[in-house]
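Keeping the supplied structure of chain B fixed, place chains F and E upon it in accordance with the hints.
Residue numbers (this note's numbering), protein chains in the order written: chain B, 1 to 484; chain F, 1 to 95; chain E, 1 to 483.
If you are wondering where the hints come from, they were derived from the structure by calculation, not from laboratory data. A hint or two may mislead.
Each computed DSSO-like pair below joins lysine-lysine, with the alpha-carbon atoms no more than 27 angstroms apart [as the list claims (entries may be wrong)]: (1) B:Lys-469 / B:Lys-484; (2) E:Lys-410 / F:Lys-75; (3) F:Lys-4 / B:Lys-136; (4) B:Lys-178 / B:Lys-365; (5) B:Lys-121 / B:Lys-170; (6) E:Lys-410 / F:Lys-4; (7) B:Lys-108 / B:Lys-221; (8) B:Lys-365 / B:Lys-395; (9) B:Lys-464 / B:Lys-451.
Being a predicted model, the structure only gives us computed values, none of them experimental.
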Amino acid sequence: MTAAEISQWETVIGLEIHAQLATSSKIFSGASTAYGAEANTQACAVDLGLPGVLPVLNREAVRMAIRFGVAIDANIDHQSVFARKNYFYPDLPKGYQISQFEHPIVGKGQISISPAEGEHKLVGITRAHLEEDAGKSIHDQFPEQSGIDLNRAGTPLLEIVSEPDMRSAKEAVAYARKIHSLVRYLEICDGNMQEGSFRCDANVSIRRRGSDQLGTRAEIKNINSFRFLERAINHEVERQIEVIEDGGRVVQETRLYDSERDETRSMRSKEEANDYRYFPDPDLLPVNISASDIAEIRAALPELPEQKKQRYISELGLSDYNAELLTANRDTAVYFETAFAEADATQAAVLVNWILGDLAGALNKAGLDITESPINPAALVQLVARIADETISGKIAKQVFDAMWQGEGNADEIIEARGLRQITDSGAIETLIDEVIAANPEQVEQFRAGKEKVLGFLVGQVMKESRGKANPGQVNALLRDKLK
Amino acid sequence: MTLKSDDVRSIAHLARLHIEEDAVDHYVDDLSSILALVEQMNQVDSQGVEPLSNPLDATQRLRDDNVTEVNQRDKFQQIAPDVAEGLYRVPRVIE
Amino acid sequence: MPMTVTEIRQGLASGQFSSVEITRDYLQRIAQHNPALNCFISVTEDLALQQAGAADALLAQGNPGLLTGVPLAHKDLFCTDGVKTSCGSRMLDNFIAPYDATAVERIRDAGAVMLGKTNMDEFAMGSSNENSWYGNVANPWNTAHVPGGSSGGSAAAVAAGLAPAATGTDTGGSIRQPAALCGVTGIKPTYGRVSRYGMIAFGSSLDQGGPFARSAADCALLLQAMSGFDARDSTSSDTPVDDYSARLEQGIEGLKIGLPKEYFAEGLDSRLARVIETAIDELRKQGAEILDISLPNTHLSIPTYYVVAMAECSSNLSRFDGVRFGHRCENPVDLEDLYKRSRGEGFGAEVKRRILIGTYALSAGYYDAYYLKAQQLRRMIKNDFQTAFDSVDLILGPTTPEVAFKIGAKTDDPVSMYLQDIYTISLNLAGLPGLSLPVGFVDGLPVGMQLIGNYFDEARLLQVAHRYQQVSDWHLQAPEAFS
Numbered sequence: 001m002t003a004a005e006i007s008q009w010e011t012v013i014g015l016e017i018h019a020q021l022a023t024s025s026k027i028f029s030g031a032s033t034a035y036g037a038e039a040n041t042q043a044c045a046v047d048l049g050l051p052g053v054l055p056v057l058n059r060e061a062v063r064m065a066i067r068f069g070v071a072i073d074a075n076i077d078h079q080s081v082f083a084r085k086n087y088f089y090p091d092l093p094k095g096y097q098i099s100q101f102e103h104p105i106v107g108k109g110q111i112s113i114s115p116a117e118g119e120h121k122l123v124g125i126t127r128a129h130l131e132e133d134a135g136k137s138i139h140d141q142f143p144e145q146s147g148i149d150l151n152r153a154g155t156p157l158l159e160i161v162s163e164p165d166m167r168s169a170k171e172a173v174a175y176a177r178k179i180h181s182l183v184r185y186l187e188i189c190d191g192n193m194q195e196g197s198f199r200c201d202a203n204v205s206i207r208r209r210g211s212d213q214l215g216t217r218a219e220i221k222n223i224n225s226f227r228f229l230e231r232a233i234n235h236e237v238e239r240q241i242e243v244i245e246d247g248g249r250v251v252q253e254t255r256l257y258d259s260e261r262d263e264t265r266s267m268r269s270k271e272e273a274n275d276y277r278y279f280p281d282p283d284l285l286p287v288n289i290s291a292s293d294i295a296e297i298r299a300a301l302p303e304l305p306e307q308k309k310q311r312y313i314s315e316l317g318l319s320d321y322n323a324e325l326l327t328a329n330r331d332t333a334v335y336f337e338t339a340f341a342e343a344d345a346t347q348a349a350v351l352v353n354w355i356l357g358d359l360a361g362a363l364n365k366a367g368l369d370i371t372e373s374p375i376n377p378a379a380l381v382q383l384v385a386r387i388a389d390e391t392i393s394g395k396i397a398k399q400v401f402d403a404m405w406q407g408e409g410n411a412d413e414i415i416e417a418r419g420l421r422q423i424t425d426s427g428a429i430e431t432l433i434d435e436v437i438a439a440n441p442e443q444v445e446q447f448r449a450g451k452e453k454v455l456g457f458l459v460g461q462v463m464k465e466s467r468g469k470a471n472p473g474q475v476n477a478l479l480r481d482k483l484k
Numbered sequence: 001m002t003l004k005s006d007d008v009r010s011i012a013h014l015a016r017l018h019i020e021e022d023a024v025d026h027y028v029d030d031l032s033s034i035l036a037l038v039e040q041m042n043q044v045d046s047q048g049v050e051p052l053s054n055p056l057d058a059t060q061r062l063r064d065d066n067v068t069e070v071n072q073r074d075k076f077q078q079i080a081p082d083v084a085e086g087l088y089r090v091p092r093v094i095e
Numbered sequence: 001m002p003m004t005v006t007e008i009r010q011g012l013a014s015g016q017f018s019s020v021e022i023t024r025d026y027l028q029r030i031a032q033h034n035p036a037l038n039c040f041i042s043v044t045e046d047l048a049l050q051q052a053g054a055a056d057a058l059l060a061q062g063n064p065g066l067l068t069g070v071p072l073a074h075k076d077l078f079c080t081d082g083v084k085t086s087c088g089s090r091m092l093d094n095f096i097a098p099y100d101a102t103a104v105e106r107i108r109d110a111g112a113v114m115l116g117k118t119n120m121d122e123f124a125m126g127s128s129n130e131n132s133w134y135g136n137v138a139n140p141w142n143t144a145h146v147p148g149g150s151s152g153g154s155a156a157a158v159a160a161g162l163a164p165a166a167t168g169t170d171t172g173g174s175i176r177q178p179a180a181l182c183g184v185t186g187i188k189p190t191y192g193r194v195s196r197y198g199m200i201a202f203g204s205s206l207d208q209g210g211p212f213a214r215s216a217a218d219c220a221l222l223l224q225a226m227s228g229f230d231a232r233d234s235t236s237s238d239t240p241v242d243d244y245s246a247r248l249e250q251g252i253e254g255l256k257i258g259l260p261k262e263y264f265a266e267g268l269d270s271r272l273a274r275v276i277e278t279a280i281d282e283l284r285k286q287g288a289e290i291l292d293i294s295l296p297n298t299h300l301s302i303p304t305y306y307v308v309a310m311a312e313c314s315s316n317l318s319r320f321d322g323v324r325f326g327h328r329c330e331n332p333v334d335l336e337d338l339y340k341r342s343r344g345e346g347f348g349a350e351v352k353r354r355i356l357i358g359t360y361a362l363s364a365g366y367y368d369a370y371y372l373k374a375q376q377l378r379r380m381i382k383n384d385f386q387t388a389f390d391s392v393d394l395i396l397g398p399t400t401p402e403v404a405f406k407i408g409a410k411t412d413d414p415v416s417m418y419l420q421d422i423y424t425i426s427l428n429l430a431g432l433p434g435l436s437l438p439v440g441f442v443d444g445l446p447v448g449m450q451l452i453g454n455y456f457d458e459a460r461l462l463q464v465a466h467r468y469q470q471v472s473d474w475h476l477q478a479p480e481a482f483s
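Pulled out of the complex, with its shape left as it was, chain B reads as follows (with noise of 0.2 angstroms):
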């Protein structure tokens, strides 16, 4: 498919995301929610579905859903009603879902998202709304049967619905990306993709470019990570537009994505239409909502992505970029503050590049969480404290960064093992230069007679003496000096 192609095609994106809610029972029992229990052994009656036993819903899942709602500006009514959503899957005891549809607690919201350096976008949110986790269905473990294990049964879900205002799949990324910081930073989801703690379902159509009408989307489904969302969306565009330029239609449909295959496969068990016969379930009544609730839960929400970015600009001088890489994720932010509450405060800038420069690096490498860095904040304080205090050079600093991070000790223990301090002794610098000169005849007339550039490489000669010990500026000035 050529560029041009692809072009005519606008694509339309919508996520559905749901976040497992971090309470410690489910969401109508007093059943764990603990992950990865032997088969069954959380699954009580109520989970179960069994005759005669009746939901009662979980304070905590209830206000966890107003703290989202709060954080995305939503409209959050009074009243909040539970409706039972029907069909038959041998995951979903009762034969049928308690969720919400007609009014679900979290309304119209939004959130800004940014796509790439410079680029923002708010994305709308549609509703967010309380409901509970089916269970899993085994097929590896019986030749002819499949094993079905109750435990997720019950498991709060906080369904976010954003409307279809994602262009791209690296829109949709960023999305969804936003979405998981913000339910991390407010506590309320681990965030935890393999584990199924955060899934994300996307709906995917096309329309000509100019075109104000919605095409007819596909639903994606099984989708654990974001790398896989991104594949996923973008090849579901290409099969769409494949489709209707063969003369085809798309048709409404549950896919599923198989990461192996890096492909989007219809699902034939959902094929048939769905009539879910939404109705408000008479075990449950309506949830008052009052605004004295929502004012509390506003008045206890930590600071939020968007908050600390502005701040990290206005107060720290960080750059728009820097300000939301660092606070994309919970876990960065809570590093740099705890780095900087013990920096220099002058050493911002510095500390920032380091954190999302050569650590994040080095974690990406590792497949480390910043959570789990081998280097922590106090340590990084203190390397960078020696650029700063001149006892290394920025050179040699990642030299004793990547010391520290194979566990050798912390910065200044390392700068001494090594004997990694710097030279600002000018006339043991001096005595270097001496030699290079003396070593490099043909450079040093070359910028005697104007070649200015060769001063670099003169530079360099002098600080490869030095094993990179000596003070770059000050070889320089001496240098100039010396070659007048």
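Relative to the frame of chain B, chains F and E by itself:
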């Protein structure tokens, strides 16, 4: 409102109820007469009346977020038709 | 003559007999008469004698509870830990409940002895007890007639003296109608008064548990034990529970009783109407003021009720899928086959009809016309009652349009069966309490009169019924064949 036999078949499918083919006509008659009864509702104009889903118009009470349940898997699975290795078993689900 | 709960309590307290003795008597009566009546699905003899023994120990310590040592039966819709709870269905023929319903737990905590589980229309769907997987129940007054339903087993057991009291549930009249047809006293309390936890749901917004007994005084004791707030039921009310027995003896002078003209209109058997009028005269004599009132939307209650009840049941019964409990078909070829055959085999015809109608009423394109419309009419019906209670303390009428009909008389016509509930179902839609008490006979079959109270006014219903029973003896009559 009169139902047709295909309506009954599709409702039965939605409700996952097996109905013998020779009983379909009987259901068509029964269900149609019930629907005729139910349609008496249309005699009344209820426009603007707030729907009532709970007789007391009460509001939901909330539970504290405490784990109160203990593992009763063995007891619950004694009454299950087919379990193995702690899992409920069903014919293979194709996804 | 069968004893009342009040008499049994006195006999136990005075040492006239022990709980084990009286329990054995009832077990013996059950063994003798149940084959003719089919009131019981399960008789829990060993458990009963064990509980009776424990009750005797408590009685000996001189510290009995409200019902210590009193034998009674539970409708087989209440979950009972370790005891089969069938709900009258093949679907649950193998279901040993792993917990107690709250009402069962409370009655047990009050010291009662469980004799067994009573027969009922499958999943409480029916007005004649002909829809049970375990066969129909006979009316003790004439075994060719139905006992009413859905709690027919409980009503017939009390009428025939196989239990001095029993629990029931009432979604559209399932306590009051069989109480009327069997000549016993039964009360459906206000929605939310008795916890629904462990009651297998039919129509969740309509279902209420309540007692059957031989007198209003006995019902007061049973209801006292069953009632009260339950944190496990979100629809349970925390309104304080009155002391029902303490209020029984208050007089009824000056009490305003309303007679809805719609309850005495076409459709009511005129012989039955005359019996009710005689009872009204008696209440007037006792000092009550009788007023004419109107409940103009009464005729809408049947269609409204059936839409709400069927919609809710279609969803409530989805959990019976052959996966975690209950009936599972043989050798399912795939998942759909497992669902369809397990449910097709496990449910009877009436249950299937209601699931189908309910599914249809909720399905896309029909929701507004059926379910939403019914919810609106439901409020109009509730408003009728609220208006009436502005001018009267109590509403009175017949419980049923006719006395017990013959077994098989209406089985081919579900709609004519539904019309039996015309006077009872509007209370469930509104959530109001209602009591039925025996006030005479037509053709040798009992006639029930219904008292309807305002929300949480059960004490007043019991008090008026008790007053009437102080000056009449209809409630003391027993069918000769079982005396």
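**Item:** Violated hints, by number in ascending order, as checked against the structure
**Value:** 2 and 3
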